[in-house]
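**Q** The chain contents come next:
Protein chains: 2
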Amino acid sequence: TATTGKILAQTDGPCTNHWLVGVDKSVETINDMVQRTKVKAGLDPDTPLHSLGMSLSGGDQKDAIQKLIEEMGQRFPKLSQSYFISTDAIGAMATASDCGGIVVISGTGSNCKLVNPDGSQVGCGGWGHMMGDEGSAFWISHQAVKAVFDAKDNFVPPPHDITYVKKAMEDYFQVSDLMGMLPHFYRNFQKSHFAGFCRKLAEGASAGDALCQHIFTQAGKLLAKHIVAVLPQAQQTLFSGELGLPILCEGAVWGSWELMKSGFTEVLAEAKASGFHHLRGYSLMTLCKSSALGGAKLGAQNVGAVLPLDYQANVNVFYRHSFTNQ
Amino acid sequence: TATTGKILAQTDGPCTNHWLVGVDKSVETINDMVQRTKVKAGLDPDTPLHSLGMSLSGGDQKDAIQKLIEEMGQRFPKLSQSYFISTDAIGAMATASDCGGIVVISGTGSNCKLVNPDGSQVGCGGWGHMMGDEGSAFWISHQAVKAVFDAKDNFVPPPHDITYVKKAMEDYFQVSDLMGMLPHFYRNFQKSHFAGFCRKLAEGASAGDALCQHIFTQAGKLLAKHIVAVLPQAQQTLFSGELGLPILCEGAVWGSWELMKSGFTEVLAEAKASGFHHLRGYSLMTLCKSSALGGAKLGAQNVGAVLPLDYQANVNVFYRHSFTNQ
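Quick mapping for you: the protein sequence lines, in order, are chains Z and U.
Just so it is clear: in the first sequence, position 29 is 29 by full-length UniProt numbering, and no numbers are missing.
Just so it is clear: in the second sequence, position 139 is 139 by full-length UniProt numbering, and no numbers are missing.
In case anyone wonders, no lab produced these hints; they're calculated from the structure.
Be a bit skeptical, because a hint or two may be false.
Stated by the list, open to error - Listed next, the in silico DSS-like pairs over lysine-lysine satisfying Cα-Cα at most 27 Å (straight line):
#1 Z/Lys40 <-> Z/Lys62
#2 U/Lys78 <-> U/Lys62
#3 U/Lys40 <-> U/Lys25
#4 U/Lys40 <-> U/Lys62
#5 U/Lys166 <-> Z/Lys62
#6 Z/Lys261 <-> Z/Lys200
#7 Z/Lys191 <-> U/Lys200
#8 Z/Lys191 <-> U/Lys152
#9 U/Lys78 <-> Z/Lys146
#10 U/Lys191 <-> Z/Lys191
#11 U/Lys221 <-> Z/Lys152
#12 Z/Lys166 <-> Z/Lys25
#13 Z/Lys62 <-> U/Lys25
#14 U/Lys78 <-> U/Lys67
#15 Z/Lys221 <-> U/Lys152
#16 Z/Lys62 <-> U/Lys67
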């Protein structure tokens, strides 16, 4: 039975973020994926699931989530008896641990959520590119482009030579001057394409370009600052595990951890020094399983069932830091 | 005749920014306004003007301007024999002076242009809200909203209490929490509406709110930084007039000059101290005539004619600063 926490079947499908594709398309895609998965698992597609737990990016706003659930219930009565929707951050955390921790997402955008052992949550960021997205791929790309504009304008002196970044910008965006960038900011703005420039900057940083390295160091600082922002609300037991504070890192920018490491560790060391004495150490980990697993667990929990997960098998610890001067 | 520089007739009409309304609508609006003005001035609407000089916001990009002019020539052969389009900044400067100066626009967005006595130009800013717009109404509104978000997130401590700004934000945008702001940043984003929040912040600053005052001081610094950015390219004679460096201030944010004054004057004093010794003083002025006048003058100039303007009557000096310790 499902209460062993075994994966019976998996499938994937297109984007379900209702902010991006609309509610109609979102619920159709979800229904299609679940019905295909039932068949794969040898279940009757006409029998509703007991509970469908989902971890969705864009699963933040109560009213919108309520609407999504109502829509699914009305349009697809054979889909599931009950529904539970969590954000991607919460779903990821639930996949990694039963005792909470901090999840820091840095993909196209950025976001941070503290999940306490008692289930209470505190967030920092996640408001999108107009209100920050600090430390994300969008932010890194934006910082680089802005440095080129500010240098050409003589408005702000660049912290390092802009030659590599300017050339990379012209290549990536296929422009020959700054004016050519305007459609990329406005008429044809696509956040994911703009953020994709980050990959070229990671290459530059790895090849030794000082401006690229500087921006990634700043990104590391800002991602750590998200953690420091929620730290005062963390319950004591989060600090007492053998791994120290568990920090789950999601999103492609974490692939550039080595470039962000110095900035990231510096900010956490400062936080430790400035009063967070119970921060004896921390561990950074990534998921090696889908965060849908945690979403399913929370869905089961919502109807009083328990899905036991093998948390250790779900995560991969890639960095451990212990403050030895405690 | 027109070479006296007398205004024969004036009219107005809707937005002509081709980036906003499209080329078709832009040229139709221009044609309609000019034809109405010909009739008002007692001229035959079927006789083309000798030259139509225009000062247009969005008149920056050569290719786009060329397209606009071709379109007008083809669709409206009775409009004018020749065309000359300058940006709003250049048109404003041409209205204020024949010897150049620096124009700093701070309205919804911000922009700065140095026009040298020999006609050469150097710009700083003007790239829109995605790439700065520092010191503009958009920027001021954004700084205020961002301070509220950062404070609620515990991400960045606000420089001053956010109570007034938070309340003003909730009133202006008609929201009850931060989540409610998201449509104002994304789905329903309207730059001019977002920037309109600046008026409430000016009210707050005038009533003594420290956070509002702080943001306006920063805006003053950043507008002055635009000037410092172009200063190295300014020709000597710009500094030698009796008014000192002439700075033409355009846009509604300059109505809050008293709120920006301390930041603005501080940055120029620093520039003076740090090496711009020939900056013996400066004068801030606004236009009391339309910048279309300067656009017309440049249009006449373009066909070898001279439109003499009474520059002193076109401007109003509202602040003079002289560095006495030279």
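**Q** Compare the structure with each hint and give your call.
**A** Hints, one by one, checked against the model:
no., hint, result
1, Z/Lys40 <-> Z/Lys62, "32 Å, violated"
2, U/Lys78 <-> U/Lys62, "24 Å, holds"
3, U/Lys40 <-> U/Lys25, "23 Å, holds"
4, U/Lys40 <-> U/Lys62, "32 Å, violated"
5, U/Lys166 <-> Z/Lys62, "22 Å, holds"
6, Z/Lys261 <-> Z/Lys200, "19 Å, holds"
7, Z/Lys191 <-> U/Lys200, "31 Å, violated"
8, Z/Lys191 <-> U/Lys152, "25 Å, holds"
9, U/Lys78 <-> Z/Lys146, "45 Å, violated"
10, U/Lys191 <-> Z/Lys191, "18 Å, holds"
11, U/Lys221 <-> Z/Lys152, "20 Å, holds"
12, Z/Lys166 <-> Z/Lys25, "39 Å, violated"
13, Z/Lys62 <-> U/Lys25, "42 Å, violated"
14, U/Lys78 <-> U/Lys67, "18 Å, holds"
15, Z/Lys221 <-> U/Lys152, "20 Å, holds"
16, Z/Lys62 <-> U/Lys67, "49 Å, violated"
Violation of the numbered hints given earlier is confined to hints 1, 4, 7, 9, 12, 13 and 16; the remaining hints are satisfied by the structure.
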